[in-house]
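Use the sequences and the hints to build the structure in full.
From first to last, the protein sequence lines stand for chains A and B. Under the working numbering, residues 2 to 238 are what the first sequence spells out, in order. Under the working numbering, residues 302 to 382 are what the second sequence spells out, in order.
Mixed in with the good hints, there may be bad ones.
[To be verified] Far from chain B, some chain A residues (derived; all Cβ distances over 10 angstroms):
1. Ser23
2. Asp29
3. Tyr35
4. Asp56
5. Ile63
6. Gly78
7. Lys79
8. Glu95
9. Thr104
10. Ile105
11. Val136
12. Glu186
13. Gly194
14. Ser215
[As the list claims (entries may be wrong)] Calculated cross-link-like contacts (lysine-lysine; reagent style DSSO-like; alpha-carbon spacing at most 27 angstroms):
15. Lys144/A <-> Lys341/B
16. Lys313/B <-> Lys110/A
17. Lys307/B <-> Lys341/B
18. Lys313/B <-> Lys342/B
19. Lys313/B <-> Lys144/A
20. Lys341/B <-> Lys110/A
21. Lys341/B <-> Lys359/B
22. Lys342/B <-> Lys110/A
23. Lys144/A <-> Lys342/B
24. Lys36/A <-> Lys79/A
25. Lys313/B <-> Lys341/B
26. Lys71/A <-> Lys359/B
27. Lys36/A <-> Lys71/A
28. Lys342/B <-> Lys359/B
29. Lys313/B <-> Lys359/B
Hints are computed from structural coordinates only; laboratory data are not their basis. Glycine residues also receive a C-beta, built at the ideal position from the N, C-alpha and C atoms.
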Amino acid sequence: MRFAVIQFGGSNCDRDAWYILSEICGVDCDLVWYKDGLSRPYDAVILPGGFSYGDYLRAGAIAARTPVMKDVIAHAGKGRLVLGICNGAQILAESGLVPGVFTINAYPKFICRSVYLRVETSDSPFTSLYREGDVIRIPIAHKEGRYVAPQDLLCELNDTGRIAFRFCDSYGNLTPESNPNGAMEHITGVLNGTRNVLAMMPHPERASEEILSSEDGRKVFSSMISHIEHAEGVTSR
Amino acid sequence: MIFLAKITIGLKEGMLDPEATAIRHALGNLGFATDELRTKKLYLVRFDAADAHDAEEKARGMCERLLANPVIHHYEIEVHR
Chain A
2 MRFAVIQFGG SNCDRDAWYI LSEICGVDCD LVWYKDGLSR PYDAVILPGG
52 FSYGDYLRAG AIAARTPVMK DVIAHAGKGR LVLGICNGAQ ILAESGLVPG
102 VFTINAYPKF ICRSVYLRVE TSDSPFTSLY REGDVIRIPI AHKEGRYVAP
152 QDLLCELNDT GRIAFRFCDS YGNLTPESNP NGAMEHITGV LNGTRNVLAM
202 MPHPERASEE ILSSEDGRKV FSSMISHIEH AEGVTSR
Chain B
302 MIFLAKITIG LKEGMLDPEA TAIRHALGNL GFATDELRTK KLYLVRFDAA
352 DAHDAEEKAR GMCERLLANP VIHHYEIEVH R
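Listed below in structure tokens is the structure:
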């Protein structure tokens with residue numbers, strides 16, 4: 002089993018994701034410079050947080066059009082896993098791998114704090130070790146994270162269970178105060194149609210170790226690992 | 302032939318424009334009462350094209366493939382020689 006974390010110029014959570022996967026989860030993980038492309042098959046690709054291309058034009062817009070994204074789209078087309086975190090989520094939306102857009106927060110400032118999320122589905126390779134309705138605490142750190150989608154797409158996402166996470170309060174209620182960026186329907190984690198690509202604004206890699214005050218995000222990675230083990234009969238080291 | 306395209310990208314009707322809200326608020330603090338304020342981005346692009354129609358098509362391609370996000374944006378194109 003092998004993961005890749007793609008580094009763009011301006012990525013700054015690449016090593017955090019690499020550390021959690023290789024040191025905490027114990028799987029093989031390569032840091033891949035975007036200009037090098039995906040030169041070998043990977044079981045999962047992580048697009049990490051950061052400010053690729055300085056967020057010029059729109060967050061994620063320019064990274065989404067780099068050649069490495071053709072490799073990522075081909076990788077996803079084979080049913081393999083892609084997780085986009087924060088800037089990675091913006092890149093996935095801009096590349097069309099997940100629908101909708103993550104745009105400027107309703108109150109247009111950078112927000113960096115821990116928030117509560119409600120797990121909306123356990124039927125995905127990224128959330129299978131959670132239970133539906135679980136309330137977890139994970140940090141967000143973004144200025145362009147407000148999820149926007151046309152009404153018919155929101156209906157489709159709801160009907161097909163493709164919303165992975167919503168912002169909520171500590172009891173799991175969707176109150177206006179618990180929606181830090183004004184996202185439509187509190188959405189902050191979206192799956193693609195075939196459920197092997199997840200775009201999420203919160204940072205699970207910043208909540209995957211006891212020392213980080215929350216380990217609630219770790220199940221995102223362990224769900225992926227479990228999915229890959231199950232799918233391919235591979236045992237992690 | 303060299304053309305200059307003026308490409309204006311704006312938010313679709315009804316989309317929240319948080320920057321505009323903040324700017325309008327600041328104008329209010331300076332004593333300027335406003336009924337509406339919208340933000341748009343203007344790109345001036347100079348490039349070679351066969352004719353005005355070709356130039357417009359190229360500018361449209363730029364909008365659809367990069368400059369605008371169709372989920373939230375609309376765009377206007379003016380082409381000049």
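Verification of the supplied hints:
Every CB of chain B lies more than 10 angstroms from the CB of Ser23/A, the least distance being 35 angstroms, so the non-interface label holds. Residue placement check: Asp29/A keeps its beta carbon more than 10 angstroms from all beta carbons of chain B (closest about 35 angstroms). The beta carbon of Tyr35/A is kept farther than 10 angstroms from every beta carbon of chain B, the shortest such distance being approximately 17 angstroms. For Asp56/A, the non-interface assignment is confirmed: its Cβ lies about 14 angstroms from the closest Cβ of chain B, beyond the 10 angstroms cut-off.
Not every beta carbon of chain B lies more than 10 angstroms from that of Ile63/A, the smallest distance being close to 8 angstroms; the non-interface claim is violated. Non-interface status of Gly78/A relative to chain B is upheld: no Cβ of that chain comes within 10 angstroms, the nearest being about 20 angstroms off. Even its closest Cβ contact with chain B, about 25 angstroms, leaves Lys79/A beyond 10 angstroms, as expected for a residue assigned away from the interface. A Cβ of chain B approaches the Cβ of Glu95/A within 10 angstroms, the least distance being about 7 angstroms, so the stated non-interface status is violated.
A Cβ of chain B approaches the Cβ of Thr104/A within 10 angstroms, the least distance being about 6 angstroms, so the stated non-interface status is violated. Distance to chain B contradicts Ile105/A as a non-interface residue, since its nearest Cβ pair spans about 5 angstroms, not more than 10 angstroms. Every CB of chain B is more than 10 angstroms from the CB of Val136/A (nearest about 27 angstroms), matching its label as outside the interface. Here Glu186/A stays apart from chain B, with its beta-carbon at least about 14 angstroms from theirs, past the 10 angstroms limit.
Look at Gly194/A: its CB is around 16 angstroms from the nearest CB on chain B, clear of 10 angstroms, so calling it non-interface holds up. At roughly 29 angstroms from the closest C-beta of chain B, the C-beta of Ser215/A stays outside 10 angstroms, upholding its exclusion from the interface. Taking the CA atoms of Lys144/A and Lys341/B, the gap is about 19 angstroms. The hint holds against a cut of 27 angstroms. This hinted pair checks out: Lys313/B and Lys110/A have alpha carbons roughly 22 angstroms apart, not beyond 27 angstroms.
Among the hinted pairs, Lys307/B with Lys341/B is consistent with the structure: their alpha-carbon atoms are about 12 angstroms apart, no more than 27 angstroms. For the hint pairing Lys313/B with Lys342/B, the CA-to-CA distance comes to about 13 angstroms; that is within 27 angstroms, so the pair holds. Between the alpha carbons of Lys313/B and Lys144/A the distance comes to roughly 20 angstroms, so the proposed pair stays at or under 27 angstroms and holds. With a C-alpha separation of about 19 angstroms, the suggested pairing of Lys341/B with Lys110/A holds against the 27 angstroms cut-off.
Only pairs whose Cα atoms come within 27 angstroms are accepted, and Lys341/B paired with Lys359/B is accepted, the gap being roughly 21 angstroms. Distance check on the hinted pair: Lys342/B and Lys110/A sit about 19 angstroms apart at the alpha-carbon level, within 27 angstroms; holds. The suggested pairing of Lys144/A with Lys342/B holds, with an alpha-carbon distance near 19 angstroms, which does not exceed 27 angstroms. In summary, the hint linking Lys36/A to Lys79/A is supported, as the alpha carbons are separated by about 22 angstroms, within the 27 angstroms threshold.
Among the hinted pairs, Lys313/B with Lys341/B is consistent with the structure: their alpha-carbon atoms are about 11 angstroms apart, no more than 27 angstroms. For the proposed pair Lys71/A and Lys359/B, the alpha carbon gap of about 22 angstroms is at most 27 angstroms, so the pair holds. A threshold of 27 angstroms between alpha carbons decides the hint, and for Lys36/A with Lys71/A the separation of about 12 angstroms falls inside it, so the pair holds. With a CA separation close to 18 angstroms, the supplied pair Lys342/B and Lys359/B stays within the 27 angstroms bound.
For the hint pairing Lys313/B with Lys359/B, the CA-to-CA distance comes to about 22 angstroms; that is within 27 angstroms, so the pair holds.
Of the numbered hints given earlier, the model fails hints 5, 8, 9, 10; all others are met.
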